[in-house]
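Mapping of the sequence shown onto the working numbering: residues 504 to 860, in sequence order.
Careful, some of the hints might be misleading.
Claimed, not checked - No more than 25 Å apart at the CA atoms, straight line, and that leaves these computed lysine-lysine pairs for DSS-like:
# : residue 1 : residue 2
1 : Lys671    : Lys833
2 : Lys742    : Lys642
3 : Lys727    : Lys745
4 : Lys642    : Lys671
5 : Lys833    : Lys642
6 : Lys825    : Lys745
Source of the hints: derived by calculation from the structure; they are not laboratory data.
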Amino acid sequence: MFALAARELGYRILVYSPENDSPTGQIADDEFSFHYDDLDRIRDFARSVQVITFEFENVPSATTEAAVAIVPVRPAGHVLHTTQHRLREKTFLQQNGFPVTPFRRIGSLNDLQQAARDLGLPAILKTASFGYDGKGQQKLQAADDLARAWENLRNAEGIYEAFVDFEKELSVIAARTFGGQISTFPVFENTHANHILDVTFAPAAISPALAAQACELASGISEKLDVVGLLTVEMFLTKSGKLSVNELAPRTHNSGHLTIDACVTSQFEQQVRAVCGLPLGSTELRSPAAMANLLGDLWQPTIPNWSAALEDPAVKLHLYGKAEPRPGRKMGHLTATAATVAEAVERVTRARGRLHG
Numbered sequence: 504m505f506a507l508a509a510r511e512l513g514y515r516i517l518v519y520s521p522e523n524d525s526p527t528g529q530i531a532d533d534e535f536s537f538h539y540d541d542l543d544r545i546r547d548f549a550r551s552v553q554v555i556t557f558e559f560e561n562v563p564s565a566t567t568e569a570a571v572a573i574v575p576v577r578p579a580g581h582v583l584h585t586t587q588h589r590l591r592e593k594t595f596l597q598q599n600g601f602p603v604t605p606f607r608r609i610g611s612l613n614d615l616q617q618a619a620r621d622l623g624l625p626a627i628l629k630t631a632s633f634g635y636d637g638k639g640q641q642k643l644q645a646a647d648d649l650a651r652a653w654e655n656l657r658n659a660e661g662i663y664e665a666f667v668d669f670e671k672e673l674s675v676i677a678a679r680t681f682g683g684q685i686s687t688f689p690v691f692e693n694t695h696a697n698h699i700l701d702v703t704f705a706p707a708a709i710s711p712a713l714a715a716q717a718c719e720l721a722s723g724i725s726e727k728l729d730v731v732g733l734l735t736v737e738m739f740l741t742k743s744g745k746l747s748v749n750e751l752a753p754r755t756h757n758s759g760h761l762t763i764d765a766c767v768t769s770q771f772e773q774q775v776r777a778v779c780g781l782p783l784g785s786t787e788l789r790s791p792a793a794m795a796n797l798l799g800d801l802w803q804p805t806i807p808n809w810s811a812a813l814e815d816p817a818v819k820l821h822l823y824g825k826a827e828p829r830p831g832r833k834m835g836h837l838t839a840t841a842a843t844v845a846e847a848v849e850r851v852t853r854a855r856g857r858l859h860g
């Protein structure tokens with residue numbers, strides 16, 4: 504989707520990925536299919552382009568260092584270094600005065616037991632690295648859960664987070680240019696199923712004052728982290744009406760996919776503009792909109808009936824070109840626009856429901 508947006512703006516696209524025939528590679532001008540630790544190949548790739556950006560943040564530091572010696576890398580390696588590790592991320596937020604739930608580093612069962620005494624139960628235990636869509640997360644209800652939870656970590660570094668009694672999850676995508684221009688998209692409201700984003704809609708069902716506060720929070724983090732590109736800030740709205748930052752993602756985000764059909768400028772075009780030094784586009788929401796994820800589970804027992812989903816002319820289908828549908832794997836999404844958020848949500852969920860009758 505980023506490559507398609509870049510193509511519309513006249514850019515040629517090269518992609519570097521350990522996989523061959525990746526979704527981007529299918530439409531790119533050239534595809535480098537090598538591991539991230541092959542630094543000679545990384546340098547060859549960097550010499551072939553004018554700027555490098557990312558589709559996800561778990562890229563080794565050595566990779567970005569090799570590339571940035573040749574060509575601009577946006578966002579910079581320090582942004583990836585911070586956001587690819589939950590402890591570094593939470594520490595950065597805490598030290599800079601942004602609202603986060605209390606947390607502790609976990610390196611032993613004793614650390615875990617002490618954190619439970621300090622921060623209480625229930626709580627969430629996460630791996631510090633390589634976690635998304637609920638992977639590497641455990642909910643702890645009582646002291647009896649601690650030993651099993653530590654065993655499940657398998658000696659990996661962990662982070663213990665005090666439980667957040669939240670009313671809803673929100674996300675804000677902020678774009679920032681090299682010159683410091685910042686623009687935010689409307690606040691998205693997200694619902695999950697099995698820890699994976701299920702449905703997103705915009706505008707979020709919150710007050711204008713709270714929406715402004717959420718956008719200000721995302722802008723402030725983007726500026727403090729010195730992001731050039733996009734930064735998604737996932738946050739909780741607590742039942743007491745406060746915002747608490749959950750996670751950061753220095754890239755386009757699943758919750759922002761509806762911007763393709765609902766906003767003047769999509770998040771993907773905005774990323775192109777930000778990393779290529781163009782002025783940022785309007786993020787105005789043309790109408791209320793909703794998105795429903797399509798996971799690999801929907802390919803069972805048969806291929807989904809796409810025609811049935813598209814019976815509603817307000818529904819748009821986006822498939823990503825991934826070769827293998829697996830349970831829990833994001834294969835595409837549906838979006839719908841409507842006069843109200845409720846109507847958009849109903850349209851998109853009904854369309855998904857028609858995929859198998």
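Here is how each hint holds up against the structure:
{"no.": "1", "hint": "Lys671 x Lys833", "result": "holds, 22 Å"}
{"no.": "2", "hint": "Lys742 x Lys642", "result": "holds, 19 Å"}
{"no.": "3", "hint": "Lys727 x Lys745", "result": "holds, 21 Å"}
{"no.": "4", "hint": "Lys642 x Lys671", "result": "holds, 18 Å"}
{"no.": "5", "hint": "Lys833 x Lys642", "result": "holds, 24 Å"}
{"no.": "6", "hint": "Lys825 x Lys745", "result": "violated, 39 Å"}
Comparing the model with each numbered hint stated earlier shows that hint 6 is the single one that does not hold.
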